[in-house]
Every structure is written in structure tokens, then in C-alpha cells.
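Protein chains in written order, with our numbering: chain A, 1 to 119; chain B, 120 to 432; chain C, 433 to 671.
None of these hints come from the bench; they were simulated from the model. None of these values were measured; they are calculated from a predicted model. Please note that a few of the clues may not be correct.
Below, a sample of chain A positions facing chain B; criterion: calculated Cβ distance under 8 Å [claimed, not checked]: (1) R8; (2) T49; (3) A87; (4) F89.
Built from N, CA and C at the ideal position, the CB exists for glycine as well.
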Amino acid sequence: MTAFAEGRPIFLDLADRMADDILAGIYPEETQVPSTNELAAHYRINPATAGKALNRLVDQNVIYKKRGLGMFVATGAPEALRASRRASFTAEFVLPLLDEAARVGLTTDEIVTMIKDQS
Amino acid sequence: MTSHPPAGTPSGIVLEHVTKRFGRTEVLTDISAVLPPGRIYGLLGANGVGKTTLMSLVCNHTFRSGGTVLIDGEDPAENPVVLGRTCFIREDQPYNDAFKVRDVLSAVSWFYPDWDAALAERLADRFHLPHRTTCKKLSRGQRSALAIVISLASRAAYTFLDEPYLGLDPSARGIFYDELLLAYSEHPRTIVMSTHLIDEAAGLLEEVLVLHEGRIVLRADADEARTSAFVARGLDSAVTALVGHREVLSERRLGSILSVTVRGARTADDESRARAANIALEAASLQELVAAIGIGGIGGVDTESFTTQRTSR
Amino acid sequence: MTYARRSLRLYLANRSYVTLIPGGILVIMLAMSLVIGVAIGMATEFPLSAQIQEGMRENNGGAVYSIPGFLISLGALAVNRNFAMALAFGSTRRHFWLGTLMGFALTSGATAASAVVLLALEKATNHWFFGVYAFDVAALGKGDYVLTFASVFVLAVLSLALGALFGTAYRAFGTKGALLTGLAAAVLVVAVTLLSASNKEIVGSWLGALGVWAAVVVAAIAATISIAGSYAANRLARL
């Protein structure tokens, strides 16, 4: 019933999704993110799993806990997320792209042309 | 209204070397597990492996042949205080044939001081349970719905669900999942659910216990178990080389193409080697993992450490 | 609610167990007696001759025969219908058994009360206008209200307990077990009878001392044994 990918722990996927939402501005800085129970109900997952996802974001300083109120987006979180995603861009996207290009015999120039055509 | 002493802090279920024999056949062997309270547990395994029997033993509906069972630190046998905190409706639960649905629902309320009548009504509505139909005439899906209504509204500290959604269509199953999570988040309790629709329920579970040939062969965090195996498919020799000494749960061949379910998480090294050797790597769902355990049969797992180092059969 | 009372309520939820059945059994028996009486009357004379009335009074055991038939099966039904639910909802075996036993007491009380009411009616209507004796009979104590109540009550409890014993034995040990239980019960009855026969004087004088209450006491003893047996079987019954 979950829309989560097989082969990847749900809490990681959920943490990524929430990071996406924060990056996209759905949860601006210093606003509240959904609670464990709300996330669990929405995604039909165990609250403990939702809790793990939120804890992961807390560990990454993306969100923080306000006693008695809930979890809030940390100031500077969107920027920090953007920076770390930029850092892993090469490993996550460029290398696989080059791998596939090599497999099908595309040259670097051809790839660059493709990219330019699309942007 | 209540006549038993206050519950105190629940301490969960403890099973130690529990065994069950029917005649000369040993159906459950040396079952040991500690289940801390307040979690949703999945009891998984092939049909007939003994999931219902195990839950029956815990609630003393049938008698164990050996070992000890403790609920909240006490033996549940003939223990009204402890048993009063349990609710176990088995998959083939007999009801009083003369009772109508509304008779059953009012009867349950006498057994649970915390019975939530409003919740029962609301759930009965959502599942379209016909109040005036006698139990004998209920369909398989309606019986499941009735069991769900009773189980959730009982607010029992230890609730056992035995294949709860047999006969329910997908939308009714969705209602069940939503209501289960709602009830659990509002009033946390220990829930043990046996199921064969594993992938659908996997997200709801916090921990899973897999039964095979009478023993617990896997006990793990549900999320970890979901990602504890992968499938490698490609040329025979290449796949065998990739797998190396890791445990193989099952394999299938189509000509010279070999498809292998490997136990363990796939590594970045696996991925690059797979790319180089034209091997496809896919996730193996929890359902596939449990099915592969059922087909292949593997050694037991040390319940402390999740990954096993044993080699394949 | 106390644990046993939960199971008692479960028993009482089958409303007919305390309303329809107790009174119904006796009304049916009365109807049969009336039919027989009227048939005889049509063949001879109305009201029935003194001879026939006396015969009816001494020999009409309808009340005694009708009760076990219904209540033995009721006893078996009661233990089996609700046992699974009681366990599913967290009851212990002994509390289910206790609650059901309390229910048996109520059903037996209702049956005995119906008998007393019908006896009063019989006397008031001069034996149903035709001289038909159904409740003012030797089997029930020849019109003594207390004895009638006690006789019917004990007979009802015995029947229900026997039904419960077999019903539970079936649950605990299967069909074979139920048959064995029947055998054991039969052997017990035979043994007691033989023992009594060989100690005729002692048993005879004891029974004589009890007088009209002899049958009631014997039935009460039998009922107690059945109750104990059903308790033991219940503790061993599994779902």
C-alpha cells in the first residue's frame, strides 16, 4: 500500500521525500513539518518508521525539535540541502550517465549536445 | 466498571523454548522470542506453518507441549487479569450461530472495560457490516470485517490479528490499514498480525518474525528485512561470480540465464560489477524473501544479529 | 463486570434459554397430557373416571421425561456455542464454566418456577376441567409445591450438567472422547446400582429416611458429579 520503492528502507525514502519538499519550499524555514503520526497515517506506514525518517533529518540538522510543539525546519536547511545535493550530484547522476553513455557508444560531445538541446 | 487491578506498565510477551506437538508431529519447535510491548509485529510464513497455532499458544487457547509463555511477566494460563488484556480472533473463529452481528458486538463490550463503542459503530459503518445478519450467514469478507471491528474497538493491550483481511477487497483493506494506524497512534498497544499479503502490509509493521518448519528463522526490524535480499539476473557464470560465498535463498534458470535471490544488502561494489558484467540487480521484496525462505529452507538466524554468515544450502 | 458474570451474560444473551425453553417444555408436556386425556375421555366419559384419574396421578411421568430431552441438548449447545467467543475475548476457562453454570441455575429455576405455576393452575382448574393430571403427579411429589420445585430444579440441573459434560468432553477429546465419557458414566451408574443392591439394607434405610425426597437427593448427587466432570473437561478443552 505504500508508494515506496522496494530495495530501499522506507525511512530513507521518506527522509528524502521530506527533504525534497523542504527544498521545493513546501515547508519554509521555521515552519512545522507533519508529526510522526500524521506521516504514518498519510503514507500508511508504521509510526516508528516515520519517526526514524524524522530523526534522520534531525541528525542532518535539517529539522529540529521544539519541546511540546513538534518538528520545525531549521534555518538554513534548504541551503544546506542544496549544497549537499550538489556535492553528491556527480556520484549519483553524472557517473551513471557516463556509464550508460559508454555502454551505448555515445561520445562526450554527443552528450553535451544532448544536454544543451534540452536546457 | 472494571473489577481487576490496574494494569501497570505492560512488559510485553516472552516466549522461551515453546514447543507444540499434535500427536507425534512437532509443529512448533523451540520458539524463543522477546516482544517488547507497544509495537506492531508481523508474523510471516507459508500457509499452515503454524502462525495461528503460535498465537493460540500465547493466549492459551490451545496448550503448549513445552516451554514458557509470559505476558506482562505472568503465565497467561487461567490468568484472568492477563488474559483480560488479550484479544485473539482467529481466522476461522466460530461465533454463536444464533447471534446476530449486533449481538456479538454487544457481547464483546462486557469483556473489555475499555471497549470503544463509538469506534465499533463507526468501523461497522465503514465496512458496511449488516447488524441484523446472523453470524452463520456472513461472507468471508464480512467475518474479517467483524474481527477487525472487535479487535480494534476492544483496545486490548495485546491484540492478535490472524490473516485479518481474508475476503476483503482492496478498498476495504485500505480502510483496515488506515483504521489500524489510527487506533494504534491514539492508543498504543501491542499488535501481532499474521499475514500472507506481506508486501502490502510490510510498511505497517515495525518488526517481523518469519516462521519456517516450526522455527523462527528470521527476526528483524521490518524495514531492514525488506531490504535484506536482492535478485541478480544474468549469465550463469557472471552471476555466480558476483554472488560469491553469500547465501543463496533461491535460484531459477532459463537456458543460460540464472536468476538468484541473494541474502544480504547489495553493495556499491555489487552495482559496479553488475554494470560491467551486464547483470541486472533488482530489489527482492519482503514477500519474495519469505517465499524464498519457504522454498529453499535456510538455517535459523541468531536473533541478536540480523545478517547471517552461513553459506547457502 | 466480574469475570464469571461476563460469561453469564453471554449465556443469557440467548434469550430463549431463560424464557421460552423452560416454560415451553412443560407447556408442550401439558399439551400432550391434555391430548391423551381428551382422547381417553372421548372413548369413555367426561370428566375422566376416578379410576383413570388415579392412574394418571400415579403414572404420568411426562414432566420427568420431557425435561432431560430438551435440557441435555441445551447444556451441550450452551457450552459449545459460547466457549470459543469467551476465550477469544480473554476469558479463562473456569470463569466461562462458572458463568455458564450460573446460567444453568437460572434456566433450572425458571423451569421449576414454571412447573409450580402450572401446578397451581392445574389445582385451580380442577385438573384442567377434565381431570387430567400433568403436574399433580407422584413423580413430582403429588402436588407438594416445595417438592415439585425441588424435583424439577434438580432434574433440570442434572440434565444441563450432563449435556455440558458431553459437550465439553467432545471439545476436549473429540468424538471418541465423548463416547468414552458416555461409557464411563454408564459404568459409574451400573457400579453404583450394583453397590447399592449388594448393600440393600443400608441404602434402603437411608433412602427410606429421606422419604419422598429420596429421588431428589439421588438426582442432586448425580448432578454434582456431572458438574464436577464438566469442570474437569472444560479445563482440558482446547480450541
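Going down the list of hints, with the structure as the test:
For R8 (chain A), the interface hint holds, since its Cβ comes within 8 Å of a Cβ in chain B; the closest pair sits about 6 Å apart. Restraint check, T49 (chain A) versus chain B: the minimum CB separation of about 6 Å is within 8 Å; hint holds. At its closest, the beta carbon of A87 (chain A) sits 17 Å from a beta carbon of chain B; the interface hint therefore is violated under the 8 Å criterion. Contact between F89 (chain A) and chain B, as hinted, is not supported at the beta carbon level, the nearest pair being about 17 Å apart and thus beyond 8 Å.
Hint compliance for this structure: hints 3 and 4 are not met, and every other hint is.
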